[in-house]
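Protein chains: 2
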Amino acid sequence: MIDRLPYRLQLNESPLLRDLEEDEVKSLFKRMEHLCFESDRTILAQGVEEKGLWLIGEGCCEVVRGNQSGTKERILAMLGPGTVFGEMSFFQQAAHSATVRSVTPVSVHKLTQQGFTDLLADNGRAAGKILTNLVRVQSDRLNMMDQWVCELMDRNQTENGATHTLNEWHQFRSKLYSEWNFY
Amino acid sequence: MIDRLPYRLQLNESPLLRDLEEDEVKSLFKRMEHLCFESDRTILAQGVEEKGLWLIGEGCCEVVRGNQSGTKERILAMLGPGTVFGEMSFFQQAAHSATVRSVTPVSVHKLTQQGFTDLLADNGRAAGKILTNLVRVQSDRLNMMDQWVCELMDRNQTENGATHTLNEWHQFRSKLYSEWNFY
Numbered sequence: 001m002i003d004r005l006p007y008r009l010q011l012n013e014s015p016l017l018r019d020l021e022e023d024e025v026k027s028l029f030k031r032m033e034h035l036c037f038e039s040d041r042t043i044l045a046q047g048v049e050e051k052g053l054w055l056i057g058e059g060c061c062e063v064v065r066g067n068q069s070g071t072k073e074r075i076l077a078m079l080g081p082g083t084v085f086g087e088m089s090f091f092q093q094a095a096h097s098a099t100v101r102s103v104t105p106v107s108v109h110k111l112t113q114q115g116f117t118d119l120l121a122d123n124g125r126a127a128g129k130i131l132t133n134l135v136r137v138q139s140d141r142l143n144m145m146d147q148w149v150c151e152l153m154d155r156n157q158t159e160n161g162a163t164h165t166l167n168e169w170h171q172f173r174s175k176l177y178s179e180w181n182f183y
Numbered sequence: 184m185i186d187r188l189p190y191r192l193q194l195n196e197s198p199l200l201r202d203l204e205e206d207e208v209k210s211l212f213k214r215m216e217h218l219c220f221e222s223d224r225t226i227l228a229q230g231v232e233e234k235g236l237w238l239i240g241e242g243c244c245e246v247v248r249g250n251q252s253g254t255k256e257r258i259l260a261m262l263g264p265g266t267v268f269g270e271m272s273f274f275q276q277a278a279h280s281a282t283v284r285s286v287t288p289v290s291v292h293k294l295t296q297q298g299f300t301d302l303l304a305d306n307g308r309a310a311g312k313i314l315t316n317l318v319r320v321q322s323d324r325l326n327m328m329d330q331w332v333c334e335l336m337d338r339n340q341t342e343n344g345a346t347h348t349l350n351e352w353h354q355f356r357s358k359l360y361s362e363w364n365f366y
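Sequence lines, in order, name chains A and B.
Numbered per the working numbering, the first sequence spans residues 1 to 183.
Numbered per the working numbering, the second sequence spans residues 184 to 366.
If you're looking for bench data, these hints aren't it; they were derived computationally from the structure.
One should not assume that every hint holds.
As the list claims (entries may be wrong) - Computed list of lysine to aspartate or glutamate pairs in DMTMM-like fashion (alpha-carbon distance at most 20 Å, straight line): (1) B:K255 x A:E22; (2) B:K213 x B:D305; (3) B:K293 x B:E207; (4) A:K110 x A:E168; (5) A:K51 x B:D202; (6) A:K72 x B:D202; (7) A:K72 x A:D19; (8) B:K209 x B:D305; (9) B:K234 x A:D154.
To be verified - With the Cβ distance kept under 10 Å, some of the chain B side facing chain A (calculated, not the full set): (10) V208; (11) S210; (12) R214; (13) Q297; (14) N316; (15) Q321; (16) V332; (17) L335; (18) M336; (19) L359.
C-beta atoms are modelled at their ideal positions from N, C-alpha and C, and glycine is treated no differently.
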């Protein structure tokens, strides 16, 4: 089954796999679980602590967040092939802050913490590159958020368009958490 | 010289070295440059692209940011032994956004990108743990900033205390960039 996975596509397109050689991607994929979902299935549930890095192979997912009573959902982002999710909670003691659900039939590749530990022992170079890509995206996100809030603060000193600011923030946030390449 | 470095102190206290075994810390230190500065020396200059992870061994430094004309400086944070700086620019194409200057005589241990690449080849496990610590702190910072801005947005819908908000933001930011342990 592993040999039929579209290595080359993901090698070129996923920011998680940036700088990885083909044999390093193979090492990674051997450590992953390969899952398929019909459309409208919950892959990762808000409020649940399940640590993993999920890489979308085919299909699309939506990221949604419910309100406290669980009655109303807001769509935060749409994720396509090559996109990663779960990285915000992978190294933390934290429940997932949103639900990821399939919109079409999807195939996803999941790296558990044990899988990651095994990869680090087995192919430290591949694990190092993946971690570097994770640090890079978190640093980029943080810098972007920092800049955004700085601009907001400057603006708030001269005017007060609270509703406009709020909409802008929701748009920014959706982009921040669904993209990995900011430049 | 390396044998006289206070491994054990930093092993216990620096968030960069969390989970590293003593022999892994030794591998890291062999790849670092060990520098000493008198007080009031610039260790890392705002606007300069010099990639490195700096770990303070002894002494204190201040993080300052100049305005555009370079005439007025604002102190963003004070850093003590075991603190890391430079990590925001280590994996990015970006100049340092602030200057780090010694307040007392300091000893610092600097890991260059080449040093890091060598460590990854030489001791992938140690490099993996350091990267994991870096991802974790960036994720924590991002989550914290996210929460902070969310609360700000909620508040802005009902009231508008712009000056108060601005002071709060400066305090938050100082804490966010100088600490590694948020919980």
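*Broken hints, by number*: 1, 4, 6, 7, 9, 10, 11, 12, 13
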